[in-house]
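Colleague: Chain by chain, the residues run as shown.
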Amino acid sequence: MPPVVDKEKCVKCGLCAQICPLDVIKIEVEKQDKKIVVKYPDECWHCRACAIDCPKQAIQLRYPLSHMMLHMEAPNTERGEQSCK
Amino acid sequence: MQVKIRKDIVKTDVLIIGGGIAGMQAAITAAENGSNVVVAEKADTRRSGCGATGNDHFMCYIPEYHGEDFNEIIREVTETLVGPLQDLNLLRLMMKRSFELVQKWESYGISMRPTGEWSFMGHAMPGRRRYHLKYDGHNQKPLLTKEALRQGAKIMNKMVMSELLTNEEGHVVGAIGVNIADDVPEVVVFQAKSVIISTGGALRLYPGLNPAYPFNVANCPADTGSGPAMAYRAGARLVNLEMPYVHSGPKFFARAGKATWIGVLTDFHGKPVGPFVTQPTRELGDVTADIWQGVFQEKMENGTGPVYMNCSKTSNDDMEYMMKAFVSEGDTSLVDYFEQYDIDLHKKMVEFGTFEYNFTARGLDIDLDGGTTLPGLYAAGNTTGNVRGDITSAAVFGHVSAESASKYAKQVKDYDVSDHPLIAEKIQLFNAILGRETGAHWKEANSMLQQIMKDYVGMKIRSETLLKAGLKYLGDLKRYSREQLKADNSHELMRVLEVLDLIDMGEAVAITSENRKESRGSCHQRSDYTFTNPLLNNKFQTIERTKHGIVADFREKNR
Numbered sequence: 035m036p037p038v039v040d041k042e043k044c045v046k047c048g049l050c051a052q053i054c055p056l057d058v059i060k061i062e063v064e065k066q067d068k069k070i071v072v073k074y075p076d077e078c079w080h081c082r083a084c085a086i087d088c089p090k091q092a093i094q095l096r097y098p099l100s101h102m103m104l105h106m107e108a109p110n111t112e113r114g115e116q117s118c119k
Numbered sequence: 004m005q006v007k008i009r010k011d012i013v014k015t016d017v018l019i020i021g022g023g024i025a026g027m028q029a030a031i032t033a034a035e036n037g038s039n040v041v042v043a044e045k046a047d048t049r050r051s052g053c054g055a056t057g058n059d060h061f062m063c064y065i066p067e068y069h070g071e072d073f074n075e076i077i078r079e080v081t082e083t084l085v086g087p088l089q090d091l092n093l094l095r096l097m098m099k100r101s102f103e104l105v106q107k108w109e110s111y112g113i114s115m116r117p118t119g120e121w122s123f124m125g126h127a128m129p130g131r132r133r134y135h136l137k138y139d140g141h142n143q144k145p146l147l148t149k150e151a152l153r154q155g156a157k158i159m160n161k162m163v164m165s166e167l168l169t170n171e172e173g174h175v176v177g178a179i180g181v182n183i184a185d186d187v188p189e190v191v192v193f194q195a196k197s198v199i200i201s202t203g204g205a206l207r208l209y210p211g212l213n214p215a216y217p218f219n220v221a222n223c224p225a226d227t228g229s230g231p232a233m234a235y236r237a238g239a240r241l242v243n244l245e246m247p248y249v250h251s252g253p254k255f256f257a258r259a260g261k262a263t264w265i266g267v268l269t270d271f272h273g274k275p276v277g278p279f280v281t282q283p284t285r286e287l288g289d290v291t292a293d294i295w296q297g298v299f300q301e302k303m304e305n306g307t308g309p310v311y312m313n314c315s316k317t318s319n320d321d322m323e324y325m326m327k328a329f330v331s332e333g334d335t336s337l338v339d340y341f342e343q344y345d346i347d348l349h350k351k352m353v354e355f356g357t358f359e360y361n362f363t364a365r366g367l368d369i370d371l372d373g374g375t376t377l378p379g380l381y382a383a384g385n386t387t388g389n390v391r392g393d394i395t396s397a398a399v400f401g402h403v404s405a406e407s408a409s410k411y412a413k414q415v416k417d418y419d420v421s422d423h424p425l426i427a428e429k430i431q432l433f434n435a436i437l438g439r440e441t442g443a444h445w446k447e448a449n450s451m452l453q454q455i456m457k458d459y460v461g462m463k464i465r466s467e468t469l470l471k472a473g474l475k476y477l478g479d480l481k482r483y484s485r486e487q488l489k490a491d492n493s494h495e496l497m498r499v500l501e502v503l504d505l506i507d508m509g510e511a512v513a514i515t516s517e518n519r520k521e522s523r524g525s526c527h528q529r530s531d532y533t534f535t536n537p538l539l540n541n542k543f544q545t546i547e548r549t550k551h552g553i554v555a556d557f558r559e560k561n562r
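The listed protein sequences derive, respectively, from chains Y and L. Numbering follows the numbering used here, with no gaps: position 15 of the first sequence is 49. Numbering follows the numbering used here, with no gaps: position 216 of the second sequence is 219.
Think of the hints as simulated: they come from the structure by calculation, not from any bench. The C-beta atom is built at its ideal place from N, Cα and C for all residues, glycine as well. One should not assume that every hint holds.
Cβ-to-Cβ under 8 Å is the rule here; a few derived chain L residues that face chain Y [as the list claims (entries may be wrong)]:
#1 Ser51
#2 Phe218
#3 Asn219
#4 Ala225
With these hints in hand, go ahead and build the complete structure from the sequences.
Modeller: Here it is, written out as structure tokens:
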């Protein structure tokens, strides 16, 4: 679930739901109780607009394993050394 | 569920469809020119489109910086990043007016010279002039929105546009949209003297790096070719669809901003794959992938891959500069990812991959006024098919198209669209989609579309039999989709409409690919026409719907 909302910090202002470019986050109202719901997590673009603009810094992104960034030890990590073989 | 219908028609001089960079610049300029302006944006203009959270390179010619030799800069542009698929008269106009737009952006509060002076970095070859102004665009969208509102433009967020309205003479006079702010969608009819399309490129047509996750793409996955698709249905001419665009970047976390990286593209052993740099600096990252766009895929396929972005020799200063630039570029997720997964770029190299085919700067055929072939219809930004330049193109042609659209709007009378037959037709379609108890989810259709495009409309090879079979299958998919797709709420209706637009785009790609009876570049390889026909060297292929049917034809490239 890419955006993860910290329920302790969230003041349910709804800005994240309003600005999400992919309409991933919704406000659901149940018995006058407002809930911020990450309703369409697999449609997240990971742009972090929600995290950047949250006035309470209540949102973090979790990067799913489907989006794993492949990386490898660089062969010559001593900088300044000619790496061409 | 059935749609609600807004009673009042929204009437305006200039309707802008899509509130990305091009759309917001158009809104500002049209309002400055005294027009009533409405922006219809499917998300929220403060954070929507490819520039949602930022950009850091603005192609720009500044006479006081570059000197008077404008042609030298034009030569650099055509030989490095941008490639051959553009009318040179549009490119010249774009670069001529680029500085004017940079100055406007600065006046809106966007940091165009974060170091205090004009600074041109990256996307360049060693020893050559640089033309990418390095700026800090992390808050460009909120600032463009603020300026548009200050100038009096009206912004309607959460408004998904679905169809253009034309009059008897084929002039564009309005549009139909769906407000998705609530769970129950609301149909809104627009009456406009002129319309500017600025909906960005078309993503999600071809499968991405990891096809199971179609939103894992570098450009904004909300951009689904809806602007060009509705314009095509209304009779506007599209161009260069059979020659798709490919971008590259981190694998499997698709992000744009490859030139923000300051590193060398190396193989597994740390040996550079291109001839340009061994010691990367902020002035010169590795331009190899700008010029050899398929490098990552080609080297995987011939077994000499993988290829890595290797920043191990980047200086500490440049590394810090790069991390800040990722934030300017809107790639805070890269920085966040490095932190979460403890990736130190001085020690680790990140594999790069070739991303999926997309339609960035393939689409509407525009003239020097930003006009399409339909009177009253203009286009700007990544949705246009015959000029590109990313931020610059969006800003300059947003501005140019708005100047033209405002002028046009002052010359034409209102056309009453209230009884337009398309309105009832669209409402019927929306209600059919919303009314189905059982049916197909949009993801089924989107994944089948990507599969057909990949196998029959060529990632590898094209031929008459493959393309004609593909076109037939796309037709079937379109019919089944219209008969079966269902939506339970506004959000799902938006996704259904996006897929229907993408299928229309896919058909146009298949038709033009079949009609280009030659091989050209790496994106259009025909097994039945393996040669490159020199007679087509300076021609672009166009496609449009006429009263005689769909016509695909070649036109001269403008010089």
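Colleague: Decide, hint by hint, whether the structure agrees.
Modeller: Results of checking the hints against the structure:
1. Ser51: holds, 5 Å
2. Phe218: Holds. Min distance 5 Å.
3. Asn219: Since the shortest Cβ distance to chain Y is 5 Å, the answer is holds.
4. Ala225: For L:Ala225, the interface hint holds, since the closest Cβ of chain Y sits about 5 Å away, which is under 8 Å.
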